[in-house]
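If you read the protein sequences in the order shown, they are chains S and W. If you count by our numbering, then the first sequence holds residues 1 to 375, one letter each, in order. If you count by our numbering, then the second sequence holds residues 1001 to 1258, one letter each, in order.
In case anyone wonders, no lab produced these hints; they're calculated from the structure. There could be a bad hint or two in this list.
Claimed, not checked - With a Cα cut of at most 20 Å, we get these calculated SDA-like pairs of lysine to any residue:
1) W:Lys-1124 <-> S:Leu-209
2) W:Lys-1127 <-> S:Gln-20
3) S:Lys-357 <-> S:Gly-342
4) W:Lys-1079 <-> S:Asn-240
5) S:Lys-215 <-> W:Thr-1123
6) S:Lys-215 <-> W:Lys-1079
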Amino acid sequence: MKNKIKKTQAPKKHVSKKTQLISTIVAIVLFAVVSVLIDGSSSLMLPKVFNKICIFSIAALSLNLVCGNLGELVLGHGGFVLIGYVVSYLLTNYVIFPALQDSMAMSEIYNVIYNVHGSELHAAGYAIIIGNAIIAALITAVFGYIVGVIVLGRLKGDYLAIVTLGFGLVFVCLVQNLIPNGFTSLNSSSKLTGTPMLFAGFLVLTVFLLTMFIKSRFGRGIIAIREDAIAAESSGIPVNKYKILAFTVSAFFAGLAGGLYCHFGPQTAVQFNQDLSILLLLYIVLGGLGSFTGTLIATPLLEILNSYVLVVLPASFSNNPKIIYGILLICIMLFKNKGIMGTNEFGWDWFYTLLDKIKLFFKRVFKKRKSEVAS
Amino acid sequence: MNKNKKGILKVKKLSIQFGGLKAVDNFNIDIKEGELIGLIGPNGAGKTTLFNLITGVYQPTVGSITLCGQDVTNMNTHKRVLTGIARTFQNIRLFSSMTVLENVMVANNINMHYGLWDTVFHTKKYKQEEKETREKAIRILKIFDLEEYKDDLATSLAYGKQRKLEIARAMMTDAKLLCLDEPAAGMNPSETEELMKTISFIRKEFGITILLIEHDMKLVMGICDWITVINFGKTIACGKPDEIRNNHAVIVAYLGDD
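Turn these sequences into a full structure, and let the hints guide you.
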């Protein structure tokens, strides 16, 4: 019996560096082609869904850094996304557009930002959105650092989760009261809408940077803290410092997502309350806590489910996607409680081993059929 | 005791109080370079508490701790690692979802200095330090005969090997003083034998000073230079293994007064 199992299992593959490099380039080119195709598609829905997937993936990845890799539950991540959103919104509406209006007429501004058709961005438009997003990310990182310093040294586990929930609610309340008219009053940011290429670019950048981070000594330290904080501390990891670092980096990317979200379309502050935080948590739990790959699988799955599948269902379902989400979450917890990927990450070794496994599986299926036909 | 040797750890009048309980009371010890000291005592005598005080998990109520000539009484645990102290735990604490190699690599963090900038741009500093860490980790794993398991998960190792890995991780910090908290707990006699060999070996190989908590008397009497016995937080005896064996106070502490 044992021999049989060994025979049918695909051996672990170790791919050469050359193949890895070529595979990576092919993957990036494929992704670029897809985003260009979506950019040029005539459908109204498709680019929107794609953009949303990119933005939410960035936010979910940033949450996964704290929840998955550091192992601290954060329930107010929507608050950080909101900060990024607000910074980007304020910058566009109160700094950039007024500055442009001083020097030229509104129609001229649009000529600078958009091309003649008014659908594609000019370089200036790209520059504004990219600059906005980066500034939003930096300012959110400062907020993340402050929250981290206040909270992380004192609390952990459930207490930390509750406090972050509190911070999330406070941010939403503050914004609601400071900008009472909502984000629609002066909304020139909604006129400055990003393109799929742009969002896709930021997503790739986020994945790249976070992977680098988690593979460095900082990432190793952060995972060690998740596994055993006391052992990590006695191995020379400055636990508190690394926790704050993880929190800050996480807030940075949450702010980036928020900053980009501003150029996706107008939202209200309430949309960033605990519902968003829990939604992001759902994405990472579904994909697997501690696996960026899992997040990148789960977020598109759920977004596509939300935009394409639920719409077909009766109105009672499509208006309340939370019912479906809840059922999905229960099922995942019951049948695969580590999520889709567990803590595994995508790697070319893993990918080619998986390919071999699939090949073997089909071979076996065909053999069975042949033997059945023969008998 | 050789007086010419450098002092590694000096503990003076160390006490800690949890509520009304004095877990460690007026403890003194002076450990010189290269020695192997045993710390024994009945259950609940305060041995592990003492370890936690020395490594900085607890702050003492009174007293001072000097490590390699540096006062570390108010230092954080991870900063004490820099001055040259490393420890293992009574119940094995490994980073279970990480591979054997990563477990050891983590402990080299104090010797790595690249920042976020180097991480993002993969600078020369980053590459060099990562390469050095990997090579050093493999070198240490080789010493502990763990190299063949380097890509396995730490928890997939056998119990004795997990103990070894914990010691390997501690050695990765370039420690001068290694504190072993009941390394033979839960081991069978042959594993204990192997552990004794490992401890003697790393002592020779690294010239390291070792402070050992252990219940296994054969192990303690066999390898220690001298032994301190504590009970109810107080030192009751101190001396060579043979002296301890015949010490009346020790026998009373372990077996009770007749």
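Hints, verified against the model:
1. W:Lys-1124 <-> S:Leu-209: Roughly 18 Å between the alpha carbons, so the hint for W:Lys-1124 and S:Leu-209 holds.
2. W:Lys-1127 <-> S:Gln-20: Distance of about 19 Å is within 20 Å: holds.
3. S:Lys-357 <-> S:Gly-342: holds (18 Å)
4. W:Lys-1079 <-> S:Asn-240: Answer holds: W:Lys-1079 to S:Asn-240 is near 12 Å, not above 20 Å.
5. S:Lys-215 <-> W:Thr-1123: holds (14 Å)
6. S:Lys-215 <-> W:Lys-1079: violated (23 Å)
Violated hints amount to a single one, hint 6; each of the other numbered hints is respected by the structure.
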